[in-house]
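Using the UniProt record's numbering, read the sequence shown as starting at 1 and increasing by one per residue.
Treat the hints as calculated values from the structure; they're not laboratory data.
Incorrect hints may have been included.
[To be verified] Simulated crosslink set (DMTMM-like; lysine to aspartate or glutamate; CA at most 25 Å straight-line):
| id | residue 1 | residue 2 |
| --- | --- | --- |
| 1 | K105 | E39 |
| 2 | K38 | D86 |
| 3 | K100 | D44 |
| 4 | K28 | D86 |
| 5 | K76 | D46 |
| 6 | K28 | D96 |
| 7 | K75 | E4 |
| 8 | K100 | D46 |
| 9 | K97 | D58 |
| 10 | K75 | D46 |
| 11 | K28 | D74 |
All values reported here derive from a predicted model rather than from experimental measurement.
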Amino acid sequence: MSTEIYYFSGTGNSLAVARDVAGKTNGKLISIPSVMDKESIKTDADVIGIVFPVYHGDIPFIIRRFVTKMNNLDKKYIFGVCTYGDSPGLSIKYLDKIIKSHGGKLAA
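Can you make the complete structure from the sequences, with help from the hints?
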């Protein structure tokens, strides 16, 4: 089973968490900004992790754009990890909604 951990980090906190998750899952660490120039993002990984900071109780716009570019999400185990200082707000709910609208399902 292959794992890819995609991350966006403004201050480095989400990067630190993504590195930890990638280390524990033997996952490949991929910066979301590094793949955003692609028209579509296809992965053969069985497990996809998305790590991001919470911005004002929501997911950053780059995360929305990233998920809309992803293909073949229907048979993937997808999980989200958010970093925050005060509250996660509804960020995981919003991530789940956008993943569902593109054929996937947030598992954790």
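field: Distance restraint between K28 and D86, which requires alpha-carbon spacing of 25 Å or less
entry: violated, 29 Å
task: Verify the proposed pairing of K105 with E39, using a straight-line Cα cut of 25 Å.
output: OK: K105 and E39 at ~22 Å, within 25 Å.
- prompt: Do the alpha carbons of K100 and D44 lie within 25 Å of each other, as the hint requires?
  reply: holds, 19 Å
- prompt: Hey, K75 versus D46, does the alpha-carbon distance stay inside 25 Å?
  reply: holds, 8 Å
query: Quick one, are K28 and D96 close enough, alpha carbons at most 25 Å?
result: Given pair K28, D96 holds - Cα atoms ~22 Å apart, limit 25 Å.
- prompt: Taken at face value, is the distance from the CA of D86 to the CA of K38 at most 25 Å?
  reply: Violated - the C-alpha atoms of D86 and K38 are around 33 Å apart, more than 25 Å.
- prompt: Is the hinted pair K76 and D46 satisfied, with a Cα-Cα distance of at most 25 Å?
  reply: holds, 5 Å
- request: Given the hint that K100 pairs with D46, test it: the Cα-Cα distance must not exceed 25 Å.
  value: holds, 17 Å
- prompt: Is it true that the CA of K75 sits at most 25 Å from the CA of E4?
  reply: Measuring from Cα to Cα gives roughly 14 Å; hence the hint holds.
message: Need the status of pair K28, D74: alpha-carbon distance at most 25 Å?
response: holds, 20 Å
Pairwise hint evaluation, D58 against K97, where the allowed Cα distance is 25 Å at most: holds, 12 Å
When held up to the earlier numbered hints, the structure conflicts with 2 and 4 and fits the remainder.
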